[in-house]
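We have chain Z; now place chain E onto it with these hints.
Each chain, letter by letter, is given below.
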Amino acid sequence: DTEVTQTPKHLVMGMTNKKSLKCEQHMGHRAMYWYKQKAKKPPELMFVYSYEKLSINESVPSRFSPECPNSSLLNLHLHALQPEDSALYLCASSQGSGRNTGELFFGEGSRLTVL
Amino acid sequence: DAKTTQPPSMDCAEGRAANLPCNHSTISGNEYVYWYRQIHSQGPQYIIHGLKNNETNEMASLIITEDRKSSTLILPHATLRDTAVYYCIVWSGNTGKLIFGQGTTLQVKP
Numbered sequence: 259d260t261e262v263t264q265t266p267k268h269l270v271m272g273m274t275n276k277k278s279l280k281c282e283q284h285m286g287h288r289a290m291y292w293y294k295q296k297a298k299k300p301p302e303l304m305f306v307y308s309y310e311k312l313s314i315n316e317s318v319p320s321r322f323s324p325e326c327p328n329s330s331l332l333n334l335h336l337h338a339l340q341p342e343d344s345a346l347y348l349c350a351s352s353q354g355s356g357r358n359t360g361e362l363f364f365g366e367g368s369r370l371t372v373l
Numbered sequence: 077d078a079k080t081t082q083p084p085s086m087d088c089a090e091g092r093a094a095n096l097p098c099n100h101s102t103i104s105g106n107e108y109v110y111w112y113r114q115i116h117s118q119g120p121q122y123i124i125h126g127l128k129n130n131e132t133n134e135m136a137s138l139i140i141t142e143d144r145k146s147s148t149l150i151l152p153h154a155t156l157r158d159t160a161v162y163y164c165i166v167w168s169g170n171t172g173k174l175i176f177g178q179g180t181t182l183q184v185k186p
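In order, the protein sequences belong to chains Z and E. In case it helps, the numbering used here puts the first sequence at residues 259 to 373. In case it helps, the numbering used here puts the second sequence at residues 77 to 186.
For reference, chain Z alone in the conformation it holds in the complex:
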């Protein structure tokens, strides 16, 4: 199984809603990532988890709250988002622990629309 599965594929939410994006991998990878991608732009790194601990936060606003319940799961909790937060949110994983960790496996993304 070389897949990273993201749910939901599409999400529409209001600015006062609370929602979550979910990501799952069963490759035994120990590093997991969240990226944000606006239309016609490259993916932007948001968070990196290494061995279930947050290791990198690229100065992301607190309305985005990541969580890594175990080594296979990664969540992104969303609260009080703005319309400009509408984007494709990509999850990725890698082996971690210094073994070719530049090779990331990406999911298909969750397309978020904030009204």
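Calculated directly from the structure, the hints in this document are not laboratory data. Owing to the predicted nature of the structure, the values given are computational and were not obtained by experimental measurement. It cannot be assumed that every hint is accurate.
[What the hints assert, rightly or not] Below are the DSS-like pairs computed for lysine-lysine, each with C-alpha atoms no more than 25 angstroms apart in a straight line:
hint, chain 1, residue 1, chain 2, residue 2
1, E, LYS128, Z, LYS298
2, Z, LYS298, E, LYS79
3, Z, LYS298, E, LYS173
4, E, LYS79, Z, LYS296
5, E, LYS128, Z, LYS296
6, Z, LYS267, Z, LYS298
7, Z, LYS311, Z, LYS298
8, Z, LYS299, E, LYS173
[What the hints assert, rightly or not] Reference excerpt, derived from the structure (chain E facing chain Z, CB under 10 angstroms, subset only):
hint, residue
9, GLY119
10, HIS125
11, ASN129
A virtual CB, placed ideally from N, CA and C, is assigned to each residue, including glycine.
Quick look at chain E alone, frame taken from chain Z:
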């Protein structure tokens, strides 16, 4: 992290080799060159990576100049399914960050 420079777009005829250039003149000795591609509406896909030597796998070949300041990704026989945005990325294990630049949009034409 070293920055990369790629042409914004390129065309290639189907069946011909696609050669995608990348400049990374500030690359450090312990930094790798990675290539990814992103087909429309999909997540990025790893293609190949290298440090100093040329590399080849089932998808592509990577040619890195001796001074490591530039590289070329070669798709030997491009097909319509190779139409995508191709990203050249300099990666270091020190930071662990994979940072995407603007990439090259490759259009393979029949």
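Hints the structure fails to honour = The structure conflicts with hints 1, 5, 7 and 11, although it agrees with all the remaining ones.
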